[in-house]
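Number of protein chains: 2
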Amino acid sequence: MQKLSIPKGTRDFTPCEMDKRNYIFDTIRSVFYLYGFKQIETPALENLSTLLGKYGEENDKLLFKILNSGDFISKVNPIDWNNHQLSKLTKQISKKGLRYDLTLPLARFVVMHRNEITFPFKRFQIQPVWRSDRPQKGRYREFVQCDADIVGSDSLLNEVELIQIIDEVFHRLSISISIKINNRKILNGIAEIISEEKKITDITTAMDKLDKVGLTKVNEELLQKGISIQAIDQLQPFFLLKGSNQNKISTLKNILSTSPIGIKGLQEIETIFNKLNLIPTRNTIKFDLTLARGLNYYTGTIFEVKCLNVPIGSVLGGGRYDNLTNIFGLSNLSGVGISFGADRIFDILNQLNLYPNTNASHTQILFVNLGEKGVDFILPVLFSLRKVGINAELYPHNTKIKKQLSYAHNNQIPFVAIVGSTEIAENKITIKDMRSCSQFSIALDKLINFFQYERQSV
Amino acid sequence: MQKLSIPKGTRDFTPCEMDKRNYIFDTIRSVFYLYGFKQIETPALENLSTLLGKYGEENDKLLFKILNSGDFISKVNPIDWNNHQLSKLTKQISKKGLRYDLTLPLARFVVMHRNEITFPFKRFQIQPVWRSDRPQKGRYREFVQCDADIVGSDSLLNEVELIQIIDEVFHRLSISISIKINNRKILNGIAEIISEEKKITDITTAMDKLDKVGLTKVNEELLQKGISIQAIDQLQPFFLLKGSNQNKISTLKNILSTSPIGIKGLQEIETIFNKLNLIPTRNTIKFDLTLARGLNYYTGTIFEVKCLNVPIGSVLGGGRYDNLTNIFGLSNLSGVGISFGADRIFDILNQLNLYPNTNASHTQILFVNLGEKGVDFILPVLFSLRKVGINAELYPHNTKIKKQLSYAHNNQIPFVAIVGSTEIAENKITIKDMRSCSQFSIALDKLINFFQYERQSV
Chain A
1 MQKLSIPKGT RDFTPCEMDK RNYIFDTIRS VFYLYGFKQI ETPALENLST
51 LLGKYGEEND KLLFKILNSG DFISKVNPID WNNHQLSKLT KQISKKGLRY
101 DLTLPLARFV VMHRNEITFP FKRFQIQPVW RSDRPQKGRY REFVQCDADI
151 VGSDSLLNEV ELIQIIDEVF HRLSISISIK INNRKILNGI AEIISEEKKI
201 TDITTAMDKL DKVGLTKVNE ELLQKGISIQ AIDQLQPFFL LKGSNQNKIS
251 TLKNILSTSP IGIKGLQEIE TIFNKLNLIP TRNTIKFDLT LARGLNYYTG
301 TIFEVKCLNV PIGSVLGGGR YDNLTNIFGL SNLSGVGISF GADRIFDILN
351 QLNLYPNTNA SHTQILFVNL GEKGVDFILP VLFSLRKVGI NAELYPHNTK
401 IKKQLSYAHN NQIPFVAIVG STEIAENKIT IKDMRSCSQF SIALDKLINF
451 FQYERQSV
Chain B
1 MQKLSIPKGT RDFTPCEMDK RNYIFDTIRS VFYLYGFKQI ETPALENLST
51 LLGKYGEEND KLLFKILNSG DFISKVNPID WNNHQLSKLT KQISKKGLRY
101 DLTLPLARFV VMHRNEITFP FKRFQIQPVW RSDRPQKGRY REFVQCDADI
151 VGSDSLLNEV ELIQIIDEVF HRLSISISIK INNRKILNGI AEIISEEKKI
201 TDITTAMDKL DKVGLTKVNE ELLQKGISIQ AIDQLQPFFL LKGSNQNKIS
251 TLKNILSTSP IGIKGLQEIE TIFNKLNLIP TRNTIKFDLT LARGLNYYTG
301 TIFEVKCLNV PIGSVLGGGR YDNLTNIFGL SNLSGVGISF GADRIFDILN
351 QLNLYPNTNA SHTQILFVNL GEKGVDFILP VLFSLRKVGI NAELYPHNTK
401 IKKQLSYAHN NQIPFVAIVG STEIAENKIT IKDMRSCSQF SIALDKLINF
451 FQYERQSV
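So the protein sequences, as listed, match chains A and B. Quick note on numbering: full-length UniProt numbering labels position 117 of the first sequence as 117, and the sequence is numbered without any gaps. Quick note on numbering: full-length UniProt numbering labels position 156 of the second sequence as 156, and the sequence is numbered without any gaps.
Chain A on its own, in the form it takes in the complex:
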């Protein structure tokens, strides 16, 4: 037998796994609809001219590139070939790539369809993306992103809605989370008042480790990175920031009073918390000054979600970007969005065994096949069951009952129907409940009622 495999970092999903994944996607999708988001899809294939140079040089290497079809050699410059000019050659033999995320395709979509779109554009998108990353636990080369973004509105009500969506989705999935929010403008303000604007990435990277390594180590790292002692001194109040969200905001308003951008960021985060106070939420929402995700990308609010019961990294990220479509030359469109990490959520639900037991898509009843005469009796019965929406099957072969019952068992079919000559003569059906192993007889014309009642009682 040929030794078969699938590419590293990719996965097959069995029916049982698909049930679980559909449960996650359906949950997220229905909450997106609840908040008025509309679905789009974009092709897996994008032109490399769209993709390259947008994610940074290192990430460009992670793009999957498609070999040109036909005579791909004919466009190769022999000099580049002889000089081993990888990146030049790549462009000569490849014009297309697989999408790397859903944000850049959104930007392209918005620019190309700007005349058909009604702004604010609330779009969601649930599609796979591909990254030629080194595969490791919880990291795949082909994985699904679930994004919701509002494009063309700088209102903070959008941030409030996105937090409500996060809260609702994880509530429905029974996953306890902590929602962290921060604002890029506050980080800019901090860098401004300590006069280290250029070192902002080093500062936030170090701050991010505060929980893990402690204050002393963080200060050491900052010193190593060339931050002045005076600046490090000025940073101490930020590191020591404690208390409620409102306390933190008040403290920072004092410290950042001379930084207009810092104050702007604080006002934004305060507005968000004020609006959230008007609505019930189930999970903690925490202002976390150390949160800095993709700093160069976001310009306002930053979101991140951690699962409280499973140590698995973040399960959602997002934020506001004022310049989404600028890279394609369309300015003045502010956007804000979130991206659910469906594959990590899948792992969490598996680990905590949080999937619902019932599944409306499963077969409700299997008719055992006892031969020609029974089959002819069963076919119209099957038709009438399916007509009212009851998922039903007939075993295709007249084989040992044991084998047929094990088919029902393995496929988690709760009821098995047995139709022998007695049943045919008396117009009834013997039903075996696979869960209780009990058995009973039911008149043919009561069968539909039975299943409709079963369905309601689930």
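What the hints contain is simulated information worked out from the structure, not anything from laboratory work. Any given hint could turn out to be false.
Where chains are identical, the list cannot tell them apart; a pair therefore holds if satisfied intra-copy or between any two copies.
What the hints assert, rightly or not - List time: in silico DSS-like cross-link candidates among lysine-lysine, alpha-carbon distance up to 25 Å:
| # | residue 1 | residue 2 |
| --- | --- | --- |
| 1 | K275 | K286 |
| 2 | K275 | K306 |
| 3 | K95 | K137 |
| 4 | K264 | K373 |
| 5 | K3 | K198 |
| 6 | K428 | K275 |
| 7 | K75 | K3 |
| 8 | K400 | K275 |
| 9 | K387 | K446 |
Since the structure of chain A is provided, determine the placement of chain B on it from the hints.
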């Protein structure tokens, strides 16, 4: 502004198009579930060792191949490079490709997961496939296939079920179709009795044109292809075959009486029709001797569906293959399956405007934003509406009402809620029905009832 485009033969789908596509996929999926099929998904990326050599040399050229990441040149043999050995070079710089259909991935899946699968394995799969075909009307380079197959059962009851599924899906979509069936064994029988086994492809290709070009031209073509005059004479009764399905079967039983394989095929098709007679079907099912789809692939029943109202080619194909997993070394697994052409169905529904008017995923009500005070009043109201599953939105900006109403109009939101100072004082909401342009006032505590009633009356 950068000139943006997407690769030839690919498409973006707008929210309105997604509604339509989801309607098609949901319809097909729910019928698959009704008949006990279980969903799987496989990665878009497959190893080229799995894909190459399975679809024929011409089709191998249509595979999208992924350029190896990292230093792809290092594995190139300079001699092959200098000699322009395209196919050798391709294998040296590319190890992965995009899936070309869902049948080969199914075969790979079944072989790799054979120890976990309960046979008969009724699986469905709805995923995109990629083909580097020349793009043209109705033909795309990235398109979705919707496949249902039963693997590991040679029972003809599977064929009966698949025909029922076809009948049900197109009935639900309100598309009138003609279902054509044939059997490869009958075609083999014909070739056998006229002693032209090797010319079977030429014969069926010519037969396929009978409707279009007429008998004389078909006979001319056969002569050109080197079929003997005697054989062409013997073929005439097949060409002239007319009447009901049962008539055709009876006639053929006489003509093919000396061909065991031909008789086997006729018995199979007769069994299928006999079982179908026990069940209501809405569309015509026609035994069509000229149907030969992918002849080298199928070994028994062959299916094809044509739309009766739009001339668009076939909207479904399928058949039985006894050797699905043989290519990977696992024998004795007979399979039978169908593949819905979702993109052609999409085109038909667009052309005939057969989409349902209502869509449960759409926003039911937009709250107009008249400023801070109203927003604070509305936020908890929105929460309670969403809590009972009513899709609702608040316009994020306090801008001109006209603009907000046009947002509702463009997004087909049926109701707009206006909350001014009077409404807040009296705890009520003014609702504008966007379809009738009528306006009325409703107490806050009656709002949920109103929408639940609206939903039921749809």
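Going through the hints against the structure:
1. Only within a single protomer do K275 and K286 lie at most 25 Å apart by alpha-carbon distance; the minimum there is 14 Å, versus 64 Å between protomers.
2. In the homo-oligomer, the alpha carbons of K275 and K306 lie at most 25 Å apart inside one protomer (22 Å), although the nearest pairing across protomers, at 56 Å, exceeds that limit.
3. Only between protomers do K95 and K137 lie at most 25 Å apart by alpha-carbon distance; the minimum there is 23 Å, versus 32 Å within a single protomer.
4. In this assembly of identical chains, K264 and K373 lie within 25 Å of each other by CA distance solely across copies; the values are 22 Å between and 79 Å within a copy.
5. In this assembly of identical chains, the alpha carbons of K3 and K198 never lie at most 25 Å apart, being 54 Å within a copy and 33 Å across copies at closest.
6. Taking the shortest Cα distances, K428 and K275 sit within 25 Å of each other only across copies (21 Å), while inside one copy they are farther apart (61 Å).
7. Proximity of K75 and K3 under a CA criterion of 25 Å is satisfied inter-copy only: 23 Å between copies versus 36 Å inside one chain copy.
8. Within a single copy, K400 and K275 get their C-alpha atoms only as close as 65 Å, which misses the 25 Å cut-off; across copies the closest is 22 Å, which meets it.
9. For the identical chains of this complex, K387 and K446 are intra-copy neighbours only, at 15 Å inside a copy versus 36 Å across copies, given an alpha-carbon limit of 25 Å.
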